[in-house]
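Protein chains: 2
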Amino acid sequence: MDSTQQPSLVDTIISPEWLIPVSINGQKLDKTLVNHSVVIDKGTILDIAPNHEIQQNYQAKEHINLIGQALIPGLVNCHTHAAMSLFKGLADDLPLMLWLQNHIWPAEQQWVNDQFCAAGLQLAMAEMLKSGTTCFNDMYFQPHITAKTAKKYGMRATIGMLMFDFPSVWGSGPEEYLHKGLQLRDDYKHNDLINFAFAPHAPYTVSDAPLKKIATISNELAIPVHMHIHETAQEVKDALKATGKRPLQRLQELDLLTPNLIAVHMTQLQRTEIELLARNGVSIAHCPQSNMKLASGISPIQELLTAGVNIAIGTDGNASNNDLDMFGEMESAAMLGKVFCGSAQACSAYEMLFAATMGGAKALAQDELIGSIEIGKAADLTAINLNTISSQPVYDPISQIVYTAGREQVSYVWINGQLKVREYQLVDFDENELLASAKHWQQKISHSIN
Amino acid sequence: MDSTQQPSLVDTIISPEWLIPVSINGQKLDKTLVNHSVVIDKGTILDIAPNHEIQQNYQAKEHINLIGQALIPGLVNCHTHAAMSLFKGLADDLPLMLWLQNHIWPAEQQWVNDQFCAAGLQLAMAEMLKSGTTCFNDMYFQPHITAKTAKKYGMRATIGMLMFDFPSVWGSGPEEYLHKGLQLRDDYKHNDLINFAFAPHAPYTVSDAPLKKIATISNELAIPVHMHIHETAQEVKDALKATGKRPLQRLQELDLLTPNLIAVHMTQLQRTEIELLARNGVSIAHCPQSNMKLASGISPIQELLTAGVNIAIGTDGNASNNDLDMFGEMESAAMLGKVFCGSAQACSAYEMLFAATMGGAKALAQDELIGSIEIGKAADLTAINLNTISSQPVYDPISQIVYTAGREQVSYVWINGQLKVREYQLVDFDENELLASAKHWQQKISHSIN
Numbered sequence: 001m002d003s004t005q006q007p008s009l010v011d012t013i014i015s016p017e018w019l020i021p022v023s024i025n026g027q028k029l030d031k032t033l034v035n036h037s038v039v040i041d042k043g044t045i046l047d048i049a050p051n052h053e054i055q056q057n058y059q060a061k062e063h064i065n066l067i068g069q070a071l072i073p074g075l076v077n078c079h080t081h082a083a084m085s086l087f088k089g090l091a092d093d094l095p096l097m098l099w100l101q102n103h104i105w106p107a108e109q110q111w112v113n114d115q116f117c118a119a120g121l122q123l124a125m126a127e128m129l130k131s132g133t134t135c136f137n138d139m140y141f142q143p144h145i146t147a148k149t150a151k152k153y154g155m156r157a158t159i160g161m162l163m164f165d166f167p168s169v170w171g172s173g174p175e176e177y178l179h180k181g182l183q184l185r186d187d188y189k190h191n192d193l194i195n196f197a198f199a200p201h202a203p204y205t206v207s208d209a210p211l212k213k214i215a216t217i218s219n220e221l222a223i224p225v226h227m228h229i230h231e232t233a234q235e236v237k238d239a240l241k242a243t244g245k246r247p248l249q250r251l252q253e254l255d256l257l258t259p260n261l262i263a264v265h266m267t268q269l270q271r272t273e274i275e276l277l278a279r280n281g282v283s284i285a286h287c288p289q290s291n292m293k294l295a296s297g298i299s300p301i302q303e304l305l306t307a308g309v310n311i312a313i314g315t316d317g318n319a320s321n322n323d324l325d326m327f328g329e330m331e332s333a334a335m336l337g338k339v340f341c342g343s344a345q346a347c348s349a350y351e352m353l354f355a356a357t358m359g360g361a362k363a364l365a366q367d368e369l370i371g372s373i374e375i376g377k378a379a380d381l382t383a384i385n386l387n388t389i390s391s392q393p394v395y396d397p398i399s400q401i402v403y404t405a406g407r408e409q410v411s412y413v414w415i416n417g418q419l420k421v422r423e424y425q426l427v428d429f430d431e432n433e434l435l436a437s438a439k440h441w442q443q444k445i446s447h448s449i450n
Numbered sequence: 001m002d003s004t005q006q007p008s009l010v011d012t013i014i015s016p017e018w019l020i021p022v023s024i025n026g027q028k029l030d031k032t033l034v035n036h037s038v039v040i041d042k043g044t045i046l047d048i049a050p051n052h053e054i055q056q057n058y059q060a061k062e063h064i065n066l067i068g069q070a071l072i073p074g075l076v077n078c079h080t081h082a083a084m085s086l087f088k089g090l091a092d093d094l095p096l097m098l099w100l101q102n103h104i105w106p107a108e109q110q111w112v113n114d115q116f117c118a119a120g121l122q123l124a125m126a127e128m129l130k131s132g133t134t135c136f137n138d139m140y141f142q143p144h145i146t147a148k149t150a151k152k153y154g155m156r157a158t159i160g161m162l163m164f165d166f167p168s169v170w171g172s173g174p175e176e177y178l179h180k181g182l183q184l185r186d187d188y189k190h191n192d193l194i195n196f197a198f199a200p201h202a203p204y205t206v207s208d209a210p211l212k213k214i215a216t217i218s219n220e221l222a223i224p225v226h227m228h229i230h231e232t233a234q235e236v237k238d239a240l241k242a243t244g245k246r247p248l249q250r251l252q253e254l255d256l257l258t259p260n261l262i263a264v265h266m267t268q269l270q271r272t273e274i275e276l277l278a279r280n281g282v283s284i285a286h287c288p289q290s291n292m293k294l295a296s297g298i299s300p301i302q303e304l305l306t307a308g309v310n311i312a313i314g315t316d317g318n319a320s321n322n323d324l325d326m327f328g329e330m331e332s333a334a335m336l337g338k339v340f341c342g343s344a345q346a347c348s349a350y351e352m353l354f355a356a357t358m359g360g361a362k363a364l365a366q367d368e369l370i371g372s373i374e375i376g377k378a379a380d381l382t383a384i385n386l387n388t389i390s391s392q393p394v395y396d397p398i399s400q401i402v403y404t405a406g407r408e409q410v411s412y413v414w415i416n417g418q419l420k421v422r423e424y425q426l427v428d429f430d431e432n433e434l435l436a437s438a439k440h441w442q443q444k445i446s447h448s449i450n
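Listed in order, the protein sequences are those of chains V and Y.
Each residue of the first sequence is one higher than the one before, starting from 1 at the first, in our numbering.
Each residue of the second sequence is one higher than the one before, starting from 1 at the first, in our numbering.
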């Protein structure tokens, strides 16, 4: 640049101690940049370069120096039921079916409505933002409230167009679920933060005809399909008994095994099924803490990675995990992956960070826009303070992020260049109001079950 | 009490929203008290009663109201190599033997001395106190520095009288290790915070004769024995090949399977061995995150609990975990326990909280003194703020502590009635100094390995 040229005026410059792009041009990049800054303008990453070049070329409205801190792409939580946050800890340490049938389903029957979902979503979004998550992939009742709340708080979200065979508070049956879902998608077509996925709940709750219809539309319009699949051995066993087929085979026959599919859980996988998933470009949303806590099983993540399957990470809902903390989830994914396949090399810190960012972006077909720190991408960014007693000394920042850092070390969060967390504080929420609301609901719900 | 009687003057009254005693008279107590206060005087729990009674009967120099907070017994970390904190994240995601042989052992050879240990221990103690741990059971080189540093900062510790067959920076061989260890124990016999355990490293590093000697002295003087046992399948396989016996059988023949034994890891256990451990009153120090991260295996905790074996919880050293956070460890213990035995009921939140407090106290033969909130016990206490976005709403405080709370929610910590953490801040440490020291060591160590 000509030294007489005026520096460009931009919105923000961020100068972290460690800049971790995670990916470049769609490829893995296990590398940390030092003495580099990121330039944000109009919501987009305009430049990434050594500090002295940035200082010469740009003048920013705000320059944020992050000494002792790492900057990573915003975390992508690829499987949530966010509005369930008001049920967190309602009934723990119970067998899965007892938990569902005697606690969660009756509580949902009694409490889930627009108002409950709005309150739960605010609490969940506050929790996600504070812990560095910038985008979530949701499946729950009242998706219109999810979309509306995400839009209100400027969170990036993929909203599940929920479907069951049976009626619920959100619809009367497959026809209406499909209609309402697509209508909602249409309502938000001009909002670049809000995206949509089909969300047929599970193979055992949605029958062939509506699944076939979803496959057709999904393949035509490239809409993701977000579905619980092979969560437990019992599910596979029941399907074999009822249909003579494992669920994955049935979904293949219904043309659902495509790059649009986000298969959640997948704890039960045979060798040939892993190859099938790889061949068809299916993404897995791995939820290690939910799978452990509900004793569902363990997904063979390293085998899937080796086969070339795209892995994303999700927390699952607050009632089963019981938090929406992607730091805990990355760490659990790494640790569980290692002990499951008997190799300390498996599921490395970098691979899990990739899964929690770019892996999620790919699953949601948003990888041109988010998932890595690259010029031209949206400025969805998370800063993590590693200058803490528990993260010092820092030999390898990626290792410290996955194995030592906690959500409390998230200092700044941007979505589309907008600050959502500043100096550990939520920008758009009043925490005291959220806490009061959570207590209010807890009292109502406790009263009804005791 | 006569209403005209003057209230007694005491040191401290603590009034938490939830008081969780964990145990009563050595028995399990899965119960939370509300509207109760704890009275501390001269380091001891003097009274526990409803708030109005406490207010009538006592006047305190300091009255701490903990609205929205839970009070639990101080956490007991039952297996650490605390001074290793300066190696945290030095070499991750490597196969166990490569990690040890090419990274950890050479680094130890080069760096471990009194000065390194003192710096590492300060960082580790600061991390433990901030995350609610009041007592730790350590095994590492330079135990005289561990004892000295714990005494200096008023932390309760059981110091391992380390032993190998081979020489190290701490001694020339079994004779000297034994002599130096017992001498050190003698030096601290009048300090009620510092206790000692024999710490023969592992069955494969200490031969029969010194182990026999340890068994004799341990049984005579009721000194705990802290030892890595059955950490990996390879260890058991190698022992079978070398001796024709599984390590546990050999230890039984050496009279080491007694209530004094703290068997660390124990990922390889046969049904008959579980019964043997139960019959002989052996305690297990369960380190789930280390076992996962190093792909060592999974200890059958629920089976051990069902058989009546006492379970304690440890983090292992910072180089293998990579933190000293008992909140993460309790959660991992619960989750891993459930998925391992295929039951969401297994390893409940309460059982894991018991293991992390009273279980550890029992293992260390300190259960008359610590491990529960009971009148007459030492005031080792940890307060946890549950009035946070991620822990609200609170249906069951024990569940929220294990499944949602993080170390950052620890607001107050007392050891022997002395405040160690006040309003989230360490009382006796300068954090900036600790961070500077960690960076100083990181630079020296990095320089030597690159």
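Keep in mind that the hints were calculated from the coordinates and are not lab data.
Where a beta carbon is used, it is the ideal one built from N, C-alpha and C, also for glycine.
Hints are not guaranteed to be accurate.
Said to hold, decoys possible - When the alpha-carbon atoms are kept at most 16 Å apart in a straight line, the in silico EDC-like pairs for lysine to aspartate or glutamate are as follows:
no.: 1; chain 1: V; residue 1: Lys444; chain 2: Y; residue 2: Asp255
no.: 2; chain 1: Y; residue 1: Lys212; chain 2: Y; residue 2: Asp255
no.: 3; chain 1: Y; residue 1: Lys444; chain 2: V; residue 2: Asp396
no.: 4; chain 1: V; residue 1: Lys152; chain 2: V; residue 2: Asp396
no.: 5; chain 1: Y; residue 1: Lys439; chain 2: V; residue 2: Asp428
no.: 6; chain 1: V; residue 1: Lys439; chain 2: Y; residue 2: Asp396
To be verified - Each pair of labels, with its calculated beta carbon distance range:
no.: 7; chain 1: Y; residue 1: Asp430; chain 2: V; residue 2: Asp192; range: 45 to 51 Å
no.: 8; chain 1: Y; residue 1: Asp255; chain 2: V; residue 2: Pro95; range: 40 to 46 Å
no.: 9; chain 1: V; residue 1: Asn65; chain 2: Y; residue 2: Trp105; range: 47 to 53 Å
no.: 10; chain 1: Y; residue 1: Trp105; chain 2: V; residue 2: Pro95; range: 41 to 47 Å
no.: 11; chain 1: V; residue 1: Asn51; chain 2: Y; residue 2: Trp105; range: 35 to 41 Å
no.: 12; chain 1: V; residue 1: Leu240; chain 2: Y; residue 2: Asn51; range: 45 to 51 Å
no.: 13; chain 1: V; residue 1: Ser446; chain 2: Y; residue 2: Thr205; range: 52 to 58 Å
no.: 14; chain 1: Y; residue 1: Lys28; chain 2: V; residue 2: Ser446; range: 54 to 60 Å
Check: Going back to the hint list, which numbers does this structure go against?
Finding: 1, 4, 5, 9, 12 and 14
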